[in-house]
Amino acid sequence: DGGITQSPKYLFRKEGQNVTLSCEQNLNHDAMYWYRQDPGQGLRLIYYSQIVNDFQKGDIAEGYSVSREKKESFPLTVTSAQKNPTAFYLCASSDRDFGYFGPGTRLLVL
Amino acid sequence: QKEVEQNSGPLSVPEGAIASLNCTYSDRGSQSFFWYRQYSGKSPELIMFIYSNGDKEDGRFTAQLNKASQYVSLLIRDSQPSDSATYLCAVTGSGGYQKVTFGTGTKLQVIP
Numbered sequence: 117d118g119g120i121t122q123s124p125k126y127l128f129r130k131e132g133q134n135v136t137l138s139c140e141q142n143l144n145h146d147a148m149y150w151y152r153q154d155p156g157q158g159l160r161l162i163y164y165s166q167i168v169n170d171f172q173k174g175d176i177a178e179g180y181s182v183s184r185e186k187k188e189s190f191p192l193t194v195t196s197a198q199k200n201p202t203a204f205y206l207c208a209s210s211d212r213d214f215g216y217f218g219p220g221t222r223l224l225v226l
Numbered sequence: 008q009k010e011v012e013q014n015s016g017p018l019s020v021p022e023g024a025i026a027s028l029n030c031t032y033s034d035r036g037s038q039s040f041f042w043y044r045q046y047s048g049k050s051p052e053l054i055m056f057i058y059s060n061g062d063k064e065d066g067r068f069t070a071q072l073n074k075a076s077q078y079v080s081l082l083i084r085d086s087q088p089s090d091s092a093t094y095l096c097a098v099t100g101s102g103g104y105q106k107v108t109f110g111t112g113t114k115l116q117v118i119p
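Sequence order for the protein chains is A and B. Using this note's numbering, you'd call the opening residue of the first sequence number 117 and step up by one each time. Using this note's numbering, you'd call the opening residue of the second sequence number 8 and step up by one each time.
Mixed in with the good hints, there may be bad ones.
Unchecked claim - Keeping only pairs whose Cα atoms sit at most 27 Å apart, straight-line, the calculated DSS-like set for lysine-lysine is:
hint, chain 1, residue 1, chain 2, residue 2
1, B, Lys49, A, Lys130
2, A, Lys187, B, Lys49
3, A, Lys199, B, Lys63
4, B, Lys74, B, Lys114
5, A, Lys125, A, Lys186
6, A, Lys173, B, Lys49
7, A, Lys125, B, Lys114
8, A, Lys186, A, Lys173
9, A, Lys125, B, Lys49
10, A, Lys186, B, Lys74
11, A, Lys130, A, Lys187
12, A, Lys173, B, Lys106
Just so you know, the hints here were simulated from the structure itself, not pulled from any lab data.
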């Protein structure tokens, strides 16, 4: 089955801790994205990557970091600098015409 | 000014009625238009796309595009309680999907 997987489904972060959210796709898409969604809010772009070994900041990149070492993978690290990380994190990938989302990771702070 | 605007709702319609969801956009160069459905606690799911002026039908869903007036709408006929969700409008320009902009979504409630 082709698609996008995200893990874990739920993630708990302790104060001062860095955590990494996984995103993998087997759709052979060049572009991948990370969005953050807060309750009752729209999608906000954190980072995106159009090609391996290249990525750009979105609207709310502060406190986050990414890597794109493989076409299939685009992990997101939430660093301790992100003071309000509690949110629903969505990974997406696209070809030129269509974009699809993974199932999401819900990050909670202990 | 928001680039893609939607009424946040909630839009309440009785079961069996037509639900009409609207979206306006600011960039006249926009080329592709998408509707995503997002159930509570789940990720968005692509349900419709439209490129040309006019109507595009898929089952109970019809997307309508009017580039001159810069709006796109989604009609849901014979609305069912299972249609209750938030509907996100997304718009792309000449850069393709990599330059997609999302609206904040309209929450639809279908009342049995």
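Each hint, compared with the structure:
Only pairs whose Cα atoms come within 27 Å are accepted, and B/Lys49 paired with A/Lys130 is accepted, the gap being roughly 24 Å. A C-alpha spacing of about 25 Å is found between A/Lys187 and B/Lys49, which places the hinted pair at or below 27 Å, so the restraint holds. In summary, the hint linking A/Lys199 to B/Lys63 is not supported, as the alpha carbons are separated by about 44 Å, beyond the 27 Å threshold. A C-alpha spacing of about 24 Å is found between B/Lys74 and B/Lys114, which places the hinted pair at or below 27 Å, so the restraint holds.
The suggested pairing of A/Lys125 with A/Lys186 holds, with an alpha-carbon distance near 22 Å, which does not exceed 27 Å. This hinted pair checks out: A/Lys173 and B/Lys49 have alpha carbons roughly 25 Å apart, not beyond 27 Å. Pair hint A/Lys125 plus B/Lys114 holds up; C-alpha atoms about 24 Å apart against a cutoff of 27 Å. Taken as a hint, the A/Lys186 and A/Lys173 pair is honoured in the structure, with Cα atoms around 18 Å apart against an allowance of 27 Å.
For the hint linking A/Lys125 to B/Lys49, the alpha-carbon distance of about 11 Å falls within 27 Å, and the restraint holds. Of the pairs offered as hints, the one joining A/Lys186 and B/Lys74 is violated, with about 39 Å between alpha carbons and a cut-off of 27 Å exceeded. About 30 Å separates the Cα atoms of A/Lys130 and A/Lys187, which puts this hinted pair outside 27 Å; it is violated. For the hint linking A/Lys173 to B/Lys106, the alpha-carbon distance of about 13 Å falls within 27 Å, and the restraint holds.
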